[in-house]
Amino acid sequence: MKVLIMTAIYPTPENPAFGSFVRTQAESLKRAGIDVELLVMRGRIRKLLYPKAIFQLRKRLQQGSFDLVHAHFGYVGLVARTQWKVPLVVTYHGDDLLGTINERGKKAAWSLVAAAACRKLAQRVDAAIVQSSEMARQLKKSNVFLIPHEVDFELFRPTEKNEARAILRLHPDKKYILFAANPEIPVKRFPLAKAAADALAQQDASIELLVVHKEPQERLALYLSACDVLVFPSYQEGSPNVIKQAMACNLPIVATDVGDVREVIGKTRDCHICRPNIPEFAAWMQEILLHCPRTDGRAHIQHLNPESVSGRIIEVYERVLRGREKPFEGRTHSDSYAPAK
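For the sequence shown, the positions run 1 to 341 when the numbering used here is used.
Calculated from the structure, these hints are not laboratory results. Even glycine gets a Cβ: it sits at the ideal position worked out from N, Cα and C. Do not take every clue at face value.
To be verified - Label pairs and their in silico Cβ distance ranges:
1. Ser133 - Asp204: 30 to 40 Å
2. Glu163 - Ala283: 25 to 35 Å
3. Leu48 - Asn15: 13 to 23 Å
4. Glu263 - Arg157: 18 to 28 Å
5. Ala117 - Glu154: 49 to 59 Å
6. Phe153 - Ser65: 32 to 42 Å
7. Ile54 - Ala205: 48 to 58 Å
8. Gln62 - Glu160: 48 to 58 Å
9. Trp84 - Asp257: 36 to 46 Å
10. Ser142 - Arg275: 29 to 39 Å
11. Glu263 - Glu318: 21 to 31 Å
12. Glu160 - Leu112: 42 to 52 Å
Stated by the list, open to error - Computed list of lysine-lysine pairs in DSBU-like fashion (alpha-carbon distance at most 35 Å, straight line):
13. Lys85 - Lys106
14. Lys141 - Lys52
15. Lys106 - Lys30
16. Lys59 - Lys161
17. Lys30 - Lys85
18. Lys59 - Lys214
19. Lys107 - Lys214
20. Lys47 - Lys120
21. Lys120 - Lys30
22. Lys174 - Lys161
23. Lys47 - Lys214
24. Lys2 - Lys85
25. Lys47 - Lys85
26. Lys267 - Lys161
27. Lys107 - Lys267
28. Lys214 - Lys30
29. Lys30 - Lys2
Put together the whole structure using the sequences plus the hints.
Next comes the structure, spelled out in structure tokens:
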């Protein structure tokens with residue numbers, strides 16, 4: 001099976017974390033025997049990016065005999081649906097269905113229009129993949145599948161804390177709170193994380209907030225082992241990768257109830273869901289920092305290994321290709337892979 005994966009985000013030398021989950025998934029599909037080619041939408045002039053991609057897509061389809069196009073993000077899917085030559089699968093990631101949070105903590109008007117277009121798109125694709133139940137509820141179709149991103153367990157694995165700190169040149173005796181996102185992106189709600197960390201630092205000078213983004217995945221894995229707690233106060237998410245990566249490294253988590261965070265954390269000890277206010281975040285982090293424990297999170301997310309997730313995606317591909325001969329049949333299973341209800 002030959003698949004063309006389209007995406008507007010993919011790692012670069014300047015930002016190795018940018019779209020790393022797309023690369024991880026593409027590589028796992030290759031290992032599973034899928035012939036994968038990439039069409040990465042890049043360009044200096046953003047307004048020309050999508051029109052340019054339409055012509056790039058047509059050219060690639062003329063050059064290669066692809067069985068299927070798999071677009072990441074609804075916006076890219078809109079470009080991919082300008083062709084009907086081959087079937088189309090679209091993976092939605094969050095904002096493309098839910099809208100984009102602005103600096104005021106509200107959904108930007110333009111993003112609601114874009115999200116409506118992406119929802120409409122789902123009626124015209126052969127299959128849609130979503131990251132959470134909240135996203136699935138936006139698309140009431142039988143060809144919607146709930147398949148969260150996989151975790152690279154070889155890369156994201158527990159490392160002894162002092163060893164990781166030595167590599168990163170972090171102080172062995174400090175208590176580190178990790179904020180692993182771009183603080184300038186409003187949806188990540190960095191001001192709440194900083195205010196909660198500052199409140200704790202006033203009581204204990206050994207507490208420090210580390211802001212980490214644009215780091216290679218190898219270094220992020222070290223930070224997840226070197227720090228004492230991950231703070232994650234987002235307004236909304238799909239299926240945040242750093243939550244699963246923290247679980248894989250057995251790092252305690254304090255997070256808002258967004259996306260599939262509650263489902264991923266489950267009953268993992270020293271991982272907490274709380275309301276988005278400073279005192280509650282500070283209280284849970286303080287509780288963790290008193291003892292600096294490690295969790296058993298890794299054991300709770302083994303179903304998100306790359307082999308299992310790629311297998312589920314391939315099953316969607318196969319159903320789509322069979323659907324050219326037979327009507328697409330939805331199911332209502334409630335396991336980690338099923339057409340969403």
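Any of the earlier hints contradicted here, and which numbers?
5, 13, 15 and 16
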